[in-house]
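J.: Listed here are the chains, written in short residue letters.
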Amino acid sequence: MPSRLHEWIVTVDHKRLGILYIATALFFFAVAGVLAALMRLQLAYPNATFLPPDVFNRLFTMHGTTMVFLVGMPFFAGLANYLTPLMIGARDMAFPRLNAFGFWIFLFGGILLYMSYVTGEGLAGHGTAPDVGWFAYAPLTERAFSRGTSTDYWILSIILTGIGTTASSINTIATIVSMRCKGMTLAKMPLFAWLMLVVSSMVLFILPPLTAGQIMLLLDRYLGAHFFDTQAGGSAVLWQHFFWLFGHPEVYVLMLPGFACASEIIPVFSRKPMFGRPAMIGATIGIGMLSSGVWAHHMFTVGMTASSNIYFAVASMAVGIPTGIKIFNWLGTMYGGKIRFDTPMLFCVAFLFQFLIAGLTGVMLAVAPFDWQVTDSYFVVAHFHYVLLGGLLFTLFGAIYYWFPKATGKMLSEKLGKWHFWLLVIGFHLTFDTLHFAGTLGMPRRIYTYAPGRGWDTLNLVASIGVIFQAAGVACLVWNIIRSLRKGEPAGNDPWDGWTLEWATSSPPPEYNFAVSPEVRSSRPLWDLKHPEDPDWRYE
Amino acid sequence: MTPTVSLEQTGAIRQSEWVLPDRSRVAVLCLFTTEFTLFSIFVVAYIFYIGKSLSGPTPSQVLELPVWATICLLSSSITVAVAERALKGEQMQRFQLWTGATILLGLEFLRNTAVEWTHLIRDFHLTISTNLFGTTFYSLVGLHASHVVIGLTLLLVTLILGLRGSMRGQSRRFELLAWYWHFVDAVWVAVFTVVYVIGR
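Protein sequence lines, in the order shown, are assigned to chains R and F. According to the working numbering, the first sequence is numbered sequentially starting from 2. According to the working numbering, the second sequence is numbered sequentially starting from 516.
Please note that a few of the clues may not be correct.
[Unchecked claim] Pairwise CB distance ranges (calculated):
no. : chain 1 : residue 1 : chain 2 : residue 2 : range
1   : R       : T302      : F       : T548      : 40 to 50 Å
2   : R       : L6        : F       : S681      : 50 to 60 Å
3   : F       : S681      : R       : V11       : 23 to 33 Å
4   : F       : D537      : R       : W9        : 39 to 49 Å
5   : R       : T441      : F       : T708      : 43 to 53 Å
6   : R       : Y513      : F       : E631      : 49 to 59 Å
[Unchecked claim] To be clear about the criterion: a stretch of chain R counts as covered by chain F if any three or more of its residues have a C-beta under 8 Å from a C-beta of chain F, and this derived list gives those stretches:
no. : stretch
7   : 68–81
8   : 161–172
9   : 225–234
If you're looking for bench data, these hints aren't it; they were derived computationally from the structure. Positions of the beta carbon are idealized from the N, C-alpha and C atoms, including for glycine.
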């Protein structure tokens, strides 16, 4: 056993590192889920005293930070790591040791964040976690208002995980650009790899504003600099610009890996090639570019000029165009297909529906005057949970059911999978549909309790009950994984009759992935192999 | 379950016909992209805060054009290119000589920065906490200087490896280091323009 543990610690194999990333992401997902459940318990009924306000502040800060930096980002890195080399017919990532470096620095960043619960110092004394919110607006984070070290834990852990993400993104780009197997031109590359290429390129541009902001904040806190110090003429709004210059494209960095999974799963389970593949690639690049120019729609209430408001409102709505194209791509793929509703596909179908609604509320929020009304309300909370839970998390769960057989050689139980799916769907809608209404009725986000009789009582209770269903759904997944690892049905190499190269090798794949380097002639190489009488390359 | 498919080589494409970009070059270009963005943010902060300090000293009162330092740093781009060419041609002594020259020019640049900073701190009492000018000046110039330090460390390592005779045949790797050094120089041109020309 110690030697097996040692093997995992010193590994530079992209598949093991991919699994480590995803296992870590699932672990932090469970932790952040517990934090969220505690908050919903406190908010289930008015004037609750289950949690004191200072603890509540720490919970929502840690929940948000964890979900974005320690769940969403490692899921992206893990999927990119595990699948990209397999899909492009390579034996490993371009830089295996850089890969291991990226993972461990990320993990230490995550551990550092949670160390604050033991060693951090804040207003409440020793053992205080960060409590400044996940976007940590200045000047709240300055030394005068955030005493002690808890905010520094937040800053440093985000810088560290950022270094890990940058390393992994550079590695992914180099792998996709330089390691494709013979015949795999960019035009024939799987959509998954295309989307990962776009996301990784985005990371190169969006993480530096965050890192720079954090360095400036550290300089302010420790060397007495004045970047965000309003007393010395510094600008608190500048922090908001830097943060959202990262923060808004970050939503797409989190979301595009979900799109990437859906773009592999939906065609296979519809038994049709991707509808409008070039449009899909174009739309992805369009999203990448547009999303970098819309950041200040998070700042409508700051008091920008009217022309800025108009620009950011219109630009934000424009992102809806490439995103809409994608929805039509997926629907067009399903249209007329022989659809199989296995668990991965169920998650993707729910994703289509939920992500559409998330997009529509997004367009609503892009209307500046509407945003002035509902900003920092539960409407916003419901909106971005629809994006990240209803959109991203559903596709990621779909991806787990789809690729788990490849990674382990064992099938996950369909029955438990369907329990997982339906419990999560019910729980998700109970919680987040109702929160839209609470928000429009004026419930602000981040309050630790509320007075009865404002029309929010029932809505909040229903939202909290939804958590029970969601937790039960996730428990089904955990049990499913444990059960399958112990006595799962053998998967074979190609359980879903897939078309991309990862299904051509054994499950789990050997360390070298492919005994002979593959050679491809179309974007569905396995279709060509299975149907030599009617291969794709004749038509591409 | 569908039967397992096996991948076979059709041999339709010869290996010599399938050439993709070098992975190290791709990675280093990606690194430059992200570093460039990082510097841009500090430059934006610098420009945003020009003239917004609530107290003195101001840039025009205290800053002098670092002409000599700039000449040193920019000419070190030439020396590193000569060293690179020497390594490609396996002229090891020439390589060591010109790498050494690059390091000396880089050190001279850093010495000038140190003299400038000491002058600002001692004679004008300008520190990072004095005003917004101090804050943005020291962080932007300091960020660049830290990159010079990283580059010098790497160059020093290659020089030591060269003296021990292990740099033969490593010209592909040294090329990337030379790229990095050119990048640091190019960033200095931007920093120089913003801090000493526009902001003064």
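J.: Indicate, hint by hint, whether the structure satisfies it.
T.: Okay, the hints, checked on the actual structure:
{"no.": "1", "hint": "T302/R to T548/F: 40 to 50 Å", "verdict": "violated, 33 Å"}
{"no.": "2", "hint": "L6/R to S681/F: 50 to 60 Å", "verdict": "violated, 35 Å"}
{"no.": "3", "hint": "S681/F to V11/R: 23 to 33 Å", "verdict": "holds, 25 Å"}
{"no.": "4", "hint": "D537/F to W9/R: 39 to 49 Å", "verdict": "violated, 31 Å"}
{"no.": "5", "hint": "T441/R to T708/F: 43 to 53 Å", "verdict": "holds, 50 Å"}
{"no.": "6", "hint": "Y513/R to E631/F: 49 to 59 Å", "verdict": "holds, 55 Å"}
{"no.": "7", "hint": "68–81", "verdict": "violated (count 0)"}
{"no.": "8", "hint": "161–172", "verdict": "holds (count 4)"}
{"no.": "9", "hint": "225–234", "verdict": "holds (count 6)"}
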